[in-house]
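Novice: Chain by chain, the residues:
2 protein chains.
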Amino acid sequence: MSTLQELQEKYAELILTVGLNLQPGQPVLLECPLELVDYGRTLARKAYEIGAGRVHVEWIDEEIRLITLEHSKAEYLDKSYYWRAKMMESFHEEGGALLQVYAPNPDLLKDVDPQRAASLQKSSAVAMNNFRNKIQNGQINWCLTSAPTKEWAKKVYPELNEEEGMKRLWDQIFYMTRANQDNPIGAWEQHLATLKEKVETLNEKKFKSLHYTTSEGTDLTIELPEGHIWLGGGWDPKGQIPFVPNIPTEEVFTMPHREGVNGVVKATLPLNYNGTLIENFSLTFKKGRIVDFSAEAGYDTLKTLIETDDGAHYLGEVALVPYDSPISNLHQIFFNTLFDENASCHLAIGAAYPTTIEGGTDLSREQLLEKGANNSLQHVDFMVGSATLNIDGMLQSGETIPVFRDGNWAL
Amino acid sequence: MSTLQELQEKYAELILTVGLNLQPGQPVLLECPLELVDYGRTLARKAYEIGAGRVHVEWIDEEIRLITLEHSKAEYLDKSYYWRAKMMESFHEEGGALLQVYAPNPDLLKDVDPQRAASLQKSSAVAMNNFRNKIQNGQINWCLTSAPTKEWAKKVYPELNEEEGMKRLWDQIFYMTRANQDNPIGAWEQHLATLKEKVETLNEKKFKSLHYTTSEGTDLTIELPEGHIWLGGGWDPKGQIPFVPNIPTEEVFTMPHREGVNGVVKATLPLNYNGTLIENFSLTFKKGRIVDFSAEAGYDTLKTLIETDDGAHYLGEVALVPYDSPISNLHQIFFNTLFDENASCHLAIGAAYPTTIEGGTDLSREQLLEKGANNSLQHVDFMVGSATLNIDGMLQSGETIPVFRDGNWAL
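Listed in order, the protein sequences are those of chains Z and D.
So the first sequence is numbered by the numbering used here: it starts at 9 and just counts up by one.
So the second sequence is numbered by the numbering used here: it starts at 9 and just counts up by one.
Fair warning: there could be bad hints in the mix.
One copy or two, it doesn't matter: identical chains are merged, so the pair holds either way.
As the list claims (entries may be wrong) - Taking lysine-lysine pairs in the BS3-like style, the calculated list, with each CA pair at most 30 Å apart, reads:
| id | residue 1 | residue 2 |
| --- | --- | --- |
| 1 | Lys246 | Lys87 |
| 2 | Lys274 | Lys213 |
| 3 | Lys158 | Lys175 |
| 4 | Lys274 | Lys118 |
No wet-lab data here; the hints were simulated from the structure.
Input sequences plus hints: build the corresponding full structure.
Specialist: In structure tokens:
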């Protein structure tokens with residue numbers, strides 16, 4: 009049996025090679041929670057072993073965000089400061105790779121005014137707009153990964169003490185990321201090949217639309233734009249370094265037509281947005297636009313999310329994940345999108361990935377909009393999968409074929 | 009008696025108001041050691057209370073520098089990456105103030121090849137050159153301060169256990185910075201007025217040169233350039249925000265003429281450079297240039313320092329501190345320049361501050377050189393004060409008057 013340190017080393021190697029696909033001499037920007045200082049140093053050491061040119065670590069302290077939200081004057085929360093964005097852009101120009109360890113405290117902002125949180129979120133997103141485009145176009149190799157923190161583990165396993173909770177969360181993360189297997193890199197090669205096969209089938213079908221129904225009340229039709237592209241597993245953007253943007257990843261995804269979404273969708277898992285939980289919510293769409301919404305908890309937060317900008321009233325991503333899949337089978341809510349989105353079919357409010365439409369990365373934002381690709385400062389996933397989810401796909405001929413039955417692939 | 013938290017709050021307020029002179033709405037970049045997370049958060053909170061526009065904290069982890077030095081390929085250590093410098097420059101353009109908590113582990117690099125440490129130091133300094141000019145010209149209000157870390161406290165008080173060492177170092181820092189006084193801000197106003205008086209006297213004298221002698225063997229003549237300016241305590245750069253760049257500060261300082269230094273100087277305290285201690289060293293100058301040097305420990309590190317560039321063979325600062333002064337009277341080596349330099353007369357190898365010559369901040373590097381102001385990627389203070397130090401000042405008339413006798417002011 010491997011020690012925690014040994015498993016962390018295997019996990020770090022998996023992330024840096026399969027995920028980030030770190031190139032010899034490439035600098036790495038590592039964003040890591042302050043609490044994970046030992047693990048962050050392990051990642052840095054491993055990156056140098058693989059041949060990184062320089063590793064720059066940004067230690068993320070969520071408490072500083074909280075202090076900002078609690079103590080800053082309101083007028084300054086609305087102000088966009090660009091220095092960090094300039095660093096990211098300069099880092100990109102110097103050929104860097106971006107590695108993020110994403111482990112927010114789900115309850116961080118529970119006592120914060122959602123309006124103040126939304127102001128800070130928006131002013132930060134405005135500053136980061138250019139860089140986010142590079143991320144979404146795959147112009148930089150990046151990888152979003154995770155690791156346990158105490159606050160997060162306590163939220164996931166309230167019945168366990170701190171030490172047991174941390175151990176359980178590490179174990180489940182190693183399981184979900186396949187880092188606990190004898191040959192994680194080999195397991196990922198196989199897994200990525202499976203996802204690629206699904207992607208190829210979906211791209212051959214060129215569905216005109218998808219129709220979602222569940223016994224929980226979802227009845228939603230999603231038109232897919234002409235030239236939409238399904239992606240999943242690895243990205244291989246033209247002329248760029250290929251990489252796997254999420255570890256773990258179980259999804260295949262494309263973009264909806266911005267104005268082609270109609271009906272009602274019920275979320276099947278809580279959404280942790282900006283430190284607040286939105287629970288049991290539903291959205292009603294007409295010609296793509298959210299025209300009504302409800303939530304049993306976190307309604308105000310959902311409202312500020314949708315009202316961020318015009319594009320936050322529309323969808324930007326459609327993702328398919330079988331209900332019977334490794335993460336889903338844990339039947340565990342992780343309060344962390346990286347895991348929860350890979351346990352369930354999901355949709356995203358906000359920006360579409362230009363990579364999910366033919367020639368998309370060469371188009372301007374205006375040209376993308378014309379083709380049906382949504383644009384927004386937001387991109388927030390929410391879960392719609394369940395054991396009763398059926399999805400029918402309408403072919404260009406008008407014929408309808410089953411894509412999902414009872415939550416799983418039927419293609 | 010105040011609690012540690014109360015004293016930290018007073019100290020933080022002193023630093024942000026008297027030191028940084030934080031303006032309403034001004035953003036703050038706080039560089040703080042990872043280990044000092046609670047104190048860093050106190051500073052951030054206090055900055056918002058005073059009215060900061062945004063506080064961005066860069067948590068500094070020296071271990072990452074160590075990992076870089078131990079694991080990076082040599083060719084990458086020589087490479088300058090600019091992303092962090094771009095952030096600093098952008099931060100300056102957005103009107104920010106820079107607050108640094110400087111608390112390096114004095115022994116961090118004791119097992120690292122000095123050549124590798126020098127490579128990384130130099131490539132980083134090259135990237136930071138533009139921003140450093142802004143710092144040295146006072147174009148940004150900044151303040152260098154300190155706080156205890158465990159490793160550092162252990163080095164200063166090897167006879168104490170960890171808890172006692174930390175407590176003692178906090179106590180001594182509160183004493184040295186006057187933060188433990190009833191009215192620290194009032195105490196600083198008085199202290200700054202005293203330093204201003206010394207500065208004004210020295211500027212009236214317009215010394216042609218200073219002649220240093222000690223019974224330890226120093227015999228050094230330092231020519232001061234025409235138009236040199238003595239500074240001390242607070243800076244009030246033309247058209248900029250006034251500030252006090254160091255807390256504590258006991259020195260008054262100016263620039264030597266780059267080519268006007270002759271003789272031998274013996275360092276009277278060890279120099280902690282880049283994580284290595286250089287001990288019992290002496291430098292011999294001819295027409296300003298270091299033509300010979302010796303050291304009982306750290307010779308190689310001293311050599312790589314001097315060989316950084318041409319300017320590192322010359323001096324850039326002359327600073328006067330009485331031997332009988334609050335920090336000096338502790339008779340404690342702190343292995344931290346911020347405190348040790350304020351216990352002793354010192355000189356600096358490397359760049360001169362353009363603010364210490366008339367019109368200096370409006371001159372190009374070439375014009376500054378012509379006037380005798382040294383330029384270098386380095387600026388490293390070393391201590392030359394002792395109880396036997398005499399300094400004679402030669403007036404423009406050729407007359408000689410005592411400036412220091414037996415280590416203290418004689419003016």
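Novice: It remains to establish, for every hint, whether it holds in the given structure.
Specialist: Against the structure, the hints come out as follows:
1. Lys246 x Lys87: between (36 Å within a copy, 28 Å between copies)
2. Lys274 x Lys213: within (27 Å within a copy, 82 Å between copies)
3. Lys158 x Lys175: both (10 Å within a copy, 28 Å between copies)
4. Lys274 x Lys118: Only inside one copy: Lys274 and Lys118 sit 23 Å apart there, 61 Å across copies, limit 30 Å.
This entry satisfies every hint, going by the numbered hints stated previously.
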